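Peer 1: Using the hints provided, position chain B relative to the given structure of chain A.
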Amino acid sequence: MSSLRDFIDSVKPNFEEGGKFSKLRSTFGAFETFLFTPNTVNKGGVHVRDAVDLKRTITCVILALIPALLFGIYNTGYQHFRMLGLLDTATFGDIVLEGIIAVFPILVVSYVVGLSIEFAVAQMRGHEVNEGFLATGMIIPMVMPADVPLWIVAVATAFAVIFGKEVFGGTGMNIWNPALVARAFLFFAYPTKMSGDSVWYSDFDASQAVDGFSGATALALNGQGDASIFNFQNEFIGFIPGSIGETSALCCLIGAVILLWTGVASWKTMFSVFIGGALMGYVFNATGLSPLCWCEQLVIGGFAFGAVFMATDPVTSCRTEKGKYIYGFLIGAMAIIIRVLNPGYPEGMMLAILLMNTFAPVIDYCFVQANINRRKNRVKNVK
Amino acid sequence: MAALKNKDVFCGPLSLNNPVTVQVLGICSALAVTAQLVPALVMGLSVTIITALANVVISLLRKTVPNRIRIIVQLVVVASLVTIVSEVLKAFAYDVAMTLSVYIGLIITNCILMGRLEAFAMQNSPMQSLLDGIGNGLGYAKILVIVAFFRELLGSGKLLGYQVIPDCAYEAGYANNGLMLMPPMALIICACIIWYERAHNKDLQEK
Chain A
2 MSSLRDFIDS VKPNFEEGGK FSKLRSTFGA FETFLFTPNT VNKGGVHVRD
52 AVDLKRTITC VILALIPALL FGIYNTGYQH FRMLGLLDTA TFGDIVLEGI
102 IAVFPILVVS YVVGLSIEFA VAQMRGHEVN EGFLATGMII PMVMPADVPL
152 WIVAVATAFA VIFGKEVFGG TGMNIWNPAL VARAFLFFAY PTKMSGDSVW
202 YSDFDASQAV DGFSGATALA LNGQGDASIF NFQNEFIGFI PGSIGETSAL
252 CCLIGAVILL WTGVASWKTM FSVFIGGALM GYVFNATGLS PLCWCEQLVI
302 GGFAFGAVFM ATDPVTSCRT EKGKYIYGFL IGAMAIIIRV LNPGYPEGMM
352 LAILLMNTFA PVIDYCFVQA NINRRKNRVK NVK
Chain B
35 MAALKNKDVF CGPLSLNNPV TVQVLGICSA LAVTAQLVPA LVMGLSVTII
85 TALANVVISL LRKTVPNRIR IIVQLVVVAS LVTIVSEVLK AFAYDVAMTL
135 SVYIGLIITN CILMGRLEAF AMQNSPMQSL LDGIGNGLGY AKILVIVAFF
185 RELLGSGKLL GYQVIPDCAY EAGYANNGLM LMPPMALIIC ACIIWYERAH
235 NKDLQEK
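From first to last, the protein sequence lines stand for chains A and B.
Heads up: the first sequence runs through residues 2 to 384, numbered per our numbering.
Heads up: the second sequence runs through residues 35 to 241, numbered per our numbering.
Don't read these hints as lab results, they were simulated from the structure.
Incorrect hints may appear among the rest.
[To be verified] Across the chosen pairs, the derived CB separations fall in these ranges:
no., chain 1, residue 1, chain 2, residue 2, range
1, B, Gly207, A, Gly170, 33 to 39 Å
2, A, Cys294, B, Gln239, 39 to 45 Å
3, B, Val99, A, Leu342, 30 to 36 Å
4, A, Phe360, B, Pro100, 47 to 53 Å
5, B, Ala206, A, Ile238, 48 to 54 Å
6, B, Tyr204, A, Leu342, 33 to 39 Å
7, B, His234, A, Phe35, 33 to 39 Å
8, A, Gly170, B, Val99, 44 to 50 Å
9, A, Phe35, B, Ile142, 57 to 63 Å
10, B, Leu109, A, Val369, 42 to 48 Å
11, A, Pro106, B, Ile142, 50 to 56 Å
12, B, Asn40, A, Leu342, 33 to 39 Å
13, B, Tyr204, A, Asn372, 38 to 44 Å
Note that the coordinates shown come from a computational prediction; the quantities given were computed from them, not determined experimentally.
Even glycine gets a Cβ: it sits at the ideal position worked out from N, Cα and C.
Looking at chain A on its own, in the form it has when it is part of the complex:
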């Protein structure tokens, strides 16, 4: 550790004002503070409101994402061998290797493209490099199908970082969740690569698939699927086809525990998303519009993943405490409404979150105004 510190101190003058590489100051700063907690302190008044800075917050999010990512890697391999009908002969090692071969390049592309843009913009503007993309770059591969072409991942990541984030002013200023912008971009730009029956399997090859194989997801089947795969237990643990990181509700729950325990995500948002989804799921099931029971709606598709990792994004969600209940509830309810009533969009979670991201400031405004009015009235009554 101390040798690393010495090395950084020895090259530091090059990057300071007037040094050889002073243009790369923010890049250097990013790496330095990534490795060591900065030791600069305020000389005037103290404004620290929390012991952790943005980097440690993002680290918590990444830790919370890891169970879902690891399971996603395993499930990608598992689905690949299920498609080939070779599950009985494939060993654990085969399955994991296949998963890594499929998932790892997507992860690398997402990080390389996103971080290059992020660093370039920081240099151009003379800002410090923000670490928000470390989480986004990990979420983007997890909301992609396993068979997505890499160049498409690159295009979507670039689009999301530039138009979803940097044009608004970078991390913390964006209106929509950048990872969802990437997914929505793909969904509308390249629909054949993002939905259908074959994209959920790495190296899908119809000629090698087992006879009568249907690759559709639980959402596309809308409760009509093969009961040996699509039962509640499989859907909860995650052995079903779907985007890489979203299939396992169990791993999302583990992530939720980490996020709530560290205080990074708001339990109000997360809880009310599930309430909204469960309620709408129950209504649709009771009225016969959907054969899926409410508890199944919560574990299939991206519902759990979206509720835990996307809806709770502190930048794009509501900031007022009461607003979080409304915001979360509407996301859950909208997601199920879009799923059930619009057959063109089998996955409603993405659109529901993007929609409510748009309305979050309005919800906040209403609650803030209500509070101001209440206090004004109180003053009047006292007089």
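Peer 2: Below, chain B without anything else, positioned relative to chain A:
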């Protein structure tokens, strides 16, 4: 009012005072007709002709039209011109006229047109009004063509209806971008043009 130079009247709308990217007028039709290059070209040309002629007519009438009914007079002039253009298109370019559908008729309500008539033709000579009309029409057409170029190239892999992206690229895994064919992408491309212009032109940046 100081006399305007003919050159400024004509060149201003093409760059520094562009009706679409600087004044942000006529956006709706720019979104609607730019999925392909041919309709965009025809639309740009139609707007140029109509703006130029309407400017001249209104400029000639400017001293005789009572102030209170000037908008009605302007509308009548524009409506007649639009009807003529619409009939000509239906007669000689039926397919394009069908693609453009209501948007040719809607030139009547195009903000650029009404704006030029009110702001320029009512105060200036016919000659300058003609230049102003052509300049604004071409400024509008310029943006339409740039947007349509990118939308058709990336959305359909074609330019002017001819395939330009080779088949081997599709075989290698390239795919057309479906979002380019939807109106939101036209807005984003428009925004990129505005971004580019402002970044390269100090005069356009807000203080």
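Peer 1: Each hint: holds or not?
Peer 2: Now for the hints, and whether the structure bears them out:
1. B:Gly207 x A:Gly170: 33 to 39 Å: holds (35 Å)
2. A:Cys294 x B:Gln239: 39 to 45 Å: Roughly 58 Å apart at Cβ, these two residues miss the hinted range, so it is violated.
3. B:Val99 x A:Leu342: 30 to 36 Å: violated (55 Å)
4. A:Phe360 x B:Pro100: 47 to 53 Å: Given about 49 Å between the Cβ atoms, the range holds.
5. B:Ala206 x A:Ile238: 48 to 54 Å: violated (38 Å)
6. B:Tyr204 x A:Leu342: 33 to 39 Å: holds (35 Å)
7. B:His234 x A:Phe35: 33 to 39 Å: holds (35 Å)
8. A:Gly170 x B:Val99: 44 to 50 Å: holds (49 Å)
9. A:Phe35 x B:Ile142: 57 to 63 Å: Between A:Phe35 and B:Ile142, where Cβ atoms are some 60 Å apart, the hint holds.
10. B:Leu109 x A:Val369: 42 to 48 Å: holds (45 Å)
11. A:Pro106 x B:Ile142: 50 to 56 Å: holds (54 Å)
12. B:Asn40 x A:Leu342: 33 to 39 Å: violated (60 Å)
13. B:Tyr204 x A:Asn372: 38 to 44 Å: violated (57 Å)
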